[in-house]
Amino acid sequence: MKNKRFAIVLDTRRCIDCKACTVACKAENNVPLGRDNHRNWVTEEPLRGSYPNLGQSFTPGQCMQCGNTPCERVCPTRATGVNQDGIVTVEEKKCIGCKYCMTACPYNARYYNEEIEAVDKCTFCAHRVYSGRLPACVETCPTKVRVFGDLNDPQSEVSKLLAKNPHRVLKPEMGTKPYLFYLI
Amino acid sequence: MTTLALPKRPGEILWFGLLGAGMLAGAVAVAMVLVKGHAHVYNVTREIPWGILISTYVFFVVSSTGLCLVSSLGDVWGFEKFEIIGRRGHLLAILTLVTGFGTMAMELNHPIRMGIYAIISPNFTSAIWWMGALYGLYLVLLICEFTFLMLGNRRLAFISGLLGFFAAITAHSNLGAVFGLLEARHYWYGSFMPIYFILSALVSGGALTALIVYFNHKARGRELSPKYAEFMLTMGKLQALFLGILMFFVVWKIIPGLYGQPPEKYEATMALINGPLAVNFWFFEVLIGMLIPFLILVNPKTRTVFGVMFAGMMTTIGIFFMRYDLVIAGQLVPMREDSARGAHGLLSYFPSLAEIAIVIGAIAVCLFLYTLAEKIFDLEGGHRH
Ligand code: SF4
Ligand code: SF4
Chain A
25 MKNKRFAIVL DTRRCIDCKA CTVACKAENN VPLGRDNHRN WVTEEPLRGS
75 YPNLGQSFTP GQCMQCGNTP CERVCPTRAT GVNQDGIVTV EEKKCIGCKY
125 CMTACPYNAR YYNEEIEAVD KCTFCAHRVY SGRLPACVET CPTKVRVFGD
175 LNDPQSEVSK LLAKNPHRVL KPEMGTKPYL FYLI
Chain B
15 MTTLALPKRP GEILWFGLLG AGMLAGAVAV AMVLVKGHAH VYNVTREIPW
65 GILISTYVFF VVSSTGLCLV SSLGDVWGFE KFEIIGRRGH LLAILTLVTG
115 FGTMAMELNH PIRMGIYAII SPNFTSAIWW MGALYGLYLV LLICEFTFLM
165 LGNRRLAFIS GLLGFFAAIT AHSNLGAVFG LLEARHYWYG SFMPIYFILS
215 ALVSGGALTA LIVYFNHKAR GRELSPKYAE FMLTMGKLQA LFLGILMFFV
265 VWKIIPGLYG QPPEKYEATM ALINGPLAVN FWFFEVLIGM LIPFLILVNP
315 KTRTVFGVMF AGMMTTIGIF FMRYDLVIAG QLVPMREDSA RGAHGLLSYF
365 PSLAEIAIVI GAIAVCLFLY TLAEKIFDLE GGHRH
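Here the protein sequences come in this chain order: A and B. Residues 25 to 208, numbered by the working numbering, are exactly what the first sequence covers, in order. Residues 15 to 399, numbered by the working numbering, are exactly what the second sequence covers, in order.
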């Protein structure tokens, strides 16, 4: 069977900054409380326009499951790896907590989880995905900002969305080849 | 001249008292970390994961490399004047390296795991993996060289010294690469770091060498013999040269950071020039660390034995701040728009009391071990032809 290439396509115009994704993720993945601890987030872009005609956009983000992974490259013990379907993983027992990956990631997607004593980050909810469910953030989002799927399957919703719509990735200049795509 | 133990002096009791207090402070902080965990006692954050413990580690290993390079001038490269510091220089190089490792272990969350998985699951693309391997090799060679110097075996000391010299350069430039290979951090990224690390190591090594020669005589109430006095003056001249080159490097680190305002690199450079690190940079790095020592050392009137020591002391303090500024500046620019920012649109970090206590403890441990070693080993012998 052919490997998958998981990705998330986001339509940020639908995002209402409710942060349900962050909460759902915390609950699903036992993310400890504390300002530093989160696997995903919603960036509030600066206000546009002048009163009363104001606008604001929100950009949800998480580990981009990069195709070219600086975090994996720098990890001295290969605690950080990439699985056959493109999900970037951290093997807890191998992580020495050097935090090199945290300095290497241009998206600040990683944090040190004191409870599991290892670096932690979004895994596309691999445990759910491999039992046929959707990542918690995707399932929860009330306005359906996020679509999750396999880019190696041309019939998947993500492939179709990307084929139909112009899109961008964050910090393309970093050459990390992220697999979170934002429709424009 | 003899190295027999001298009667206890009041200064010595005070010295050990100070070191004891420093080590106690460090021990309390270490206990706090072990009980409460890093997150509760350190001020490092998700955005600034490397704090003062990493910069202190860098400071110590830079010192080690520098001491090794400068001491090798005698035993390896045949500059006879430098032979008198061979034993002391290499001994302190071992101790600073080991203390550095200790400081690093306090920042790592799993130093023991590191030992295991670095061996059974190595990642050769990781500069940190190479750092461990190369510094490990360097430590072994340092110990060999010190042993051969103590045994008076010049041939083996030369061979291990030569290998140690290259290991020092490789390991230390690789430490620069730990920073220089991070594409995400524009302030660090590039080939500048590995080269700069070697050069600043020479400055550190020169400064510390002057300090140990001076204080080993002062602390024992002995006059500096003409040979040592002459060595100090030569060291002073050499150090002026090293400092001159270092200033040249610093200028060329700053200019590309400002010219054309390159994104992120510019903000980090401005943090030093006119931002949260400005006092550290202008006062400690530039004035205390480079300019004043340089002026003392280029002027033949002030390039006295005391002057060379004093310049060395100032430079050592300056270099400590230089390491701190380097490690922190590279992380001040947020990677994400919504990160908690302080003034200047930059992130902020200030070491916690526990972090500072560990740094003080590490310095005290290193000096304590060195003082003990001075009592145990005959560091003078072998070079009195
Ligand atoms: S977003 Fe960061 S943590 Fe995730 S794969 Fe890319 S570099 Fe690694
Ligand atoms: S903190 Fe853990 S996962 Fe990250 S680079 Fe170090 S060992 Fe690898």
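In case anyone wonders, no lab produced these hints; they're calculated from the structure. Do not rely on the hints blindly, as some may be mistaken.
[Unchecked claim] Once the Cα atoms are required to be at most 35 Å apart in a straight line, the calculated DSBU-like pairs of lysine-lysine come out as:
no. : chain 1 : residue 1 : chain 2 : residue 2
1   : A       : Lys50     : A       : Lys201
2   : B       : Lys267    : A       : Lys43
3   : B       : Lys50     : A       : Lys117
4   : B       : Lys267    : A       : Lys201
5   : A       : Lys50     : B       : Lys50
[Said to hold, decoys possible] So these bits of chain B aren't anywhere near chain A, every CB distance computed over 12 Å:
no. : residue
6   : Trp29
7   : Ile226
8   : Val341
Even glycine gets a Cβ: it sits at the ideal position worked out from N, Cα and C.
Verification of the supplied hints:
no.	hint	in the structure
1	Lys50(A) with Lys201(A)	holds (26 Å)
2	Lys267(B) with Lys43(A)	violated (42 Å)
3	Lys50(B) with Lys117(A)	holds (21 Å)
4	Lys267(B) with Lys201(A)	holds (30 Å)
5	Lys50(A) with Lys50(B)	holds (23 Å)
6	Trp29	holds (35 Å)
7	Ile226	holds (32 Å)
8	Val341	violated (10 Å)
In this structure, the hints that do not hold are numbers 2 and 8, in rising order.
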